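Quick mapping for you: the protein sequence lines, in order, are chains A and B.
Take 1 as the starting number for the first sequence in our numbering and just add one per residue.
Take 1001 as the starting number for the second sequence in our numbering and just add one per residue.
Source of the hints: derived by calculation from the structure; they are not laboratory data.
This one's a predicted model, so the numbers in the text were calculated from it and none came from an experiment.
Don't be surprised by glycine CBs; every beta carbon is placed ideally from N, CA and C.
Don't take each hint at face value.
[Stated by the list, open to error] For lysine-lysine, the following DSS-like pairs were computed, each having C-alpha atoms within a straight-line distance of at most 25 Å:
| # | chain 1 | residue 1 | chain 2 | residue 2 |
| --- | --- | --- | --- | --- |
| 1 | B | K1251 | B | K1298 |
| 2 | B | K1279 | A | K314 |
| 3 | B | K1083 | B | K1173 |
| 4 | A | K314 | B | K1060 |
| 5 | A | K314 | B | K1083 |
| 6 | B | K1083 | A | K317 |
| 7 | A | K317 | B | K1079 |
| 8 | A | K314 | B | K1079 |
[Claimed, not checked] Distance ranges between label pairs, derived from CB positions:
| # | chain 1 | residue 1 | chain 2 | residue 2 | range |
| --- | --- | --- | --- | --- | --- |
| 9 | B | P1281 | A | A282 | 56 to 62 Å |
| 10 | A | F57 | B | D1273 | 52 to 58 Å |
| 11 | B | F1257 | A | A189 | 35 to 41 Å |
| 12 | B | Y1311 | A | A189 | 47 to 53 Å |
Below, each chain spelled out in residue letters.
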Amino acid sequence: MNNSNIASKNISTPRHESEFRKKCRAVWFKTKAFFDGNPPAIVGGFLMTVILLGALFAPVLATHNPDKRVARPHVAPNSEYILGTTRNGRDVYSQVLQGARKTLSVAIFAGIIATVIAVSVGVTSGYFGGKIDEWMNFATNVFLVFPQLPLLIVLAAFLGQVSSVVIAVLLGVTSWPWGARVIRSQTLAIRNKEFIISAEVMGESKIRIIMVEILPNLISIVFGGFLGTVIYAMGAEAALGFLGLGDATEVSWGSMLYWAQTSSSLYTGAWWEMLVPAIALALTGGALALINMSIDQISNPKLRTGPHMKIWKKMHKEADRSRGLL
Amino acid sequence: MKSPLLEINNLCVDYVSPNGIARAVNNVSLTIAPGETLGIAGESGCGKSTLAFAITRLHKAPGVIPEGEIFYNDRDILKMSDKELRNFRWNDVSIVFQSAMNSLNPVITIGEQITDVILAHKKVTYKEAVAKGKELLEIVGIHGDRLSSFSHQLSGGMRQRVVIAIALALEPKLIIMDEPTTALDVVVEREILNELYDLKEKFGFSILFISHDLSLMGEIADRIGVMYAGNLIEIGDAKTVFNNPSHPYTKGLLASFPTIHGPKERLHGIPGDPVNLLKLPVGCNFQARCSECVAICKKMVPALDELRPGYKAACHKL
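Produce the entire structure from the sequences given, and follow the hints as far as they go.
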C-alpha cells in the first residue's frame, strides 16, 4: 500500500510537472504574442505593472507613515522626502503610494460591479427579447438619462462624507447602462446566427447557451467596457474626493487633491502637493487606455499587427515604387 | 488574331504571413480576347480568387504583387492612380463574388443598389437610372417591380441574378465571375448560366469564369486554364482540356467526378493534400501527388510550354 502510493506519486509528479510546464509555456507564448509588435500594449502594460506593483508593495516602498505628520509643512522635494511634504507635514511620496491602493481598488471594484450588471442585463435582454427586453431596456434607458456626476454629488452629500466602499458601489451602480446597451445589441446580432440556433436544437440549456456560446463572443467588448468603466470610476472618485464629498481622512488620490486645493498649495508654490496625485491619475488613466487600445488588436484578428506586417509594408512600397506609383 | 482585351504577364501575388511569405499566384501569364470566356479551374486555395482580386486590384494587406503586369487595352492596371482605378472598376471590369448574399446590403433596396452604380459612373437623372435598373432586372429574368424589394425578400438564385444585373449595369467589357453559382442548386445554376450566355451574345463582353466545377466549365468556357499551387499548369481550348487533358493534375481532376452515362466506376481522384505554399518542394509542385512522377520532376520546375498552337501545359512528361 505504502509502496504503491510512493510509486504512483513518483510517476505522477513528473507528468504533472510537465503538464504544468506546458501550461506555463502556453501562457508565456500568448503573453509574448500579445506584446509582440504592439507598442500600445508594451507601454500600457509596463506603466500599469509599475503602478500596480507600487500599490501592492506600498507599505514596503513607503518611506514614512502616510497618515502621520513627519516633517515641517511644504518641504520641497529632497533626498529624505522624495516628493516633498504636504501642508500638514505628511510625506507626499508615501501618500501617493498609499493613495494608489485606495483609488485603484475603488475604481476596479466599481468597474467589476458595473460590468457584472451590464453583462447580465445586456445578455439577458438581448437573448430573451420580448417583454423581458422591453422592461430591461426601459430600466437601462432610465439609468442612462440620469445625470451621473450630479447624482453622485447629491447622493454623497446626502449620505455625508462617505467611505470609499460606498463610493465604489455608487459608481458601479450608476455607470453600467452604456455597457449594457452595447452588449445587448451585440447579443441581438449573435443570437440569430446559425451556431446559436444549432445549440438550441441540440437541446442546450439557456444558461449554457448564454455562458458558453454567447459570452465568449463578447469578451473583447466586455473587457473594453470594463477598462473604460475603471478609467471613468477613477476619474469620478477623484472628482468626488476633490470636491470633499469622499472621506477626506482616507488617503486617496482624490483626497490628496482635496487637501492640496484647500491648502492652496499651487498659490504658495508647493506645486508638488498638487501635481503628484494629478500626474499619477493621468498616467494610470493613460496606461489603462493604452491597454484598451491594444485589446482591439487581439480581439479582431484582421486588425492584428506583427513583424510580418512590417515586411508587407516594405514589399508593398517596393512594388509601388517599381511601378512608379510613389 | 485580335489584340487581347486583357493580358497578364508573369503575375506574382504574395501573402505575407507570420510564418513566412506564401506565393499564392506564381508567374501566371494569360490573355483574354474580346468576347471570349476563359475558365480558371483548380482546388480551393490554388490562387484562383487571388488572381481575380489582383485583376481588379482588390488585394489588400497582407497581399502584395511584387512582380508582373496586367494590361487592359494596353493600360497597366497595376500602374493606375487611385482616380483612374475608380473609373476603371465597374466601367471596364466588373466582378461577381462568391456569395451574392453578402454582396447585397440588407438594409437598402436592390433598386437603390442598382441605381447607385449607374448614378456614380454616368451622368443620368435618377428617373433614367431607375428605368435602366428596371430594364436590367428584366434582362436577368426578374420582374421590374422587384426594385423596391430588400435582399432578404429574394431567394438565393434571385439574389445572384440581381448581383449579375448590377455587374452588367455599366456594360463592362470584362466580367469576372468568382464561383458565382457555387451556392446554388443545379437547376438554378443552369438557368443563370443560360441567361448569362444569352447576355454575352447580346452585349459581347468577355468573362473570366472561376470555378472548381470542371464539367460546368467544359460547357460554357471557350478556353480553360487549370491552376495548381499558384501556377498555371495547363491552358487550352475547352474541348481538349476537358476531353483530352495533358497534365496529370487535370487528368486527376477529371477523374474526380462520375459520368452520368456508362458503367459505374470507382473514382480515382487525386491522392494526398495540396502542397504547403510555405514549404514548396524543389522541382514540380505536384510531384508528391503525381502518379507519373520521374526523377527530373524532383529537380526542375517544368515550364509552361506550347505543345500546339494555343495549347500550353507545364509537365516534364510532355
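Hint-by-hint comparison with the structure:
Taking the CA atoms of K1251(B) and K1298(B), the gap is about 20 Å. The hint holds against a cut of 25 Å. At roughly 22 Å between alpha-carbon atoms, K1279(B) and K314(A) fall within 25 Å of each other, so this suggested pair holds. Among the hinted pairs, K1083(B) with K1173(B) is consistent with the structure: their alpha-carbon atoms are about 19 Å apart, no more than 25 Å. Taking the CA atoms of K314(A) and K1060(B), the gap is about 14 Å. The hint holds against a cut of 25 Å.
For a cut-off of 25 Å, the pair hint linking K314(A) to K1083(B) stands: about 24 Å separates their Cα positions. With a C-alpha separation of about 19 Å, the suggested pair K1083(B) and K317(A) falls inside the 25 Å cut-off, and the hint holds. At most 25 Å may separate the alpha-carbon atoms for a hinted pair to count; K317(A) and K1079(B) meet this at roughly 13 Å. This hinted pair checks out: K314(A) and K1079(B) have alpha carbons roughly 18 Å apart, not beyond 25 Å.
Distance hint check for P1281(B) and A282(A): the Cβ-Cβ separation is about 57 Å, which falls inside the suggested range of 56 to 62 Å. At about 55 Å, the beta-carbon gap between F57(A) and D1273(B) stays in the expected band of 52 to 58 Å. Roughly 39 Å separates the CB atoms of F1257(B) and A189(A), a value that falls within the hinted 35 to 41 Å. The beta-carbon spacing between Y1311(B) and A189(A), approximately 52 Å, falls within the hinted interval of 47 to 53 Å.
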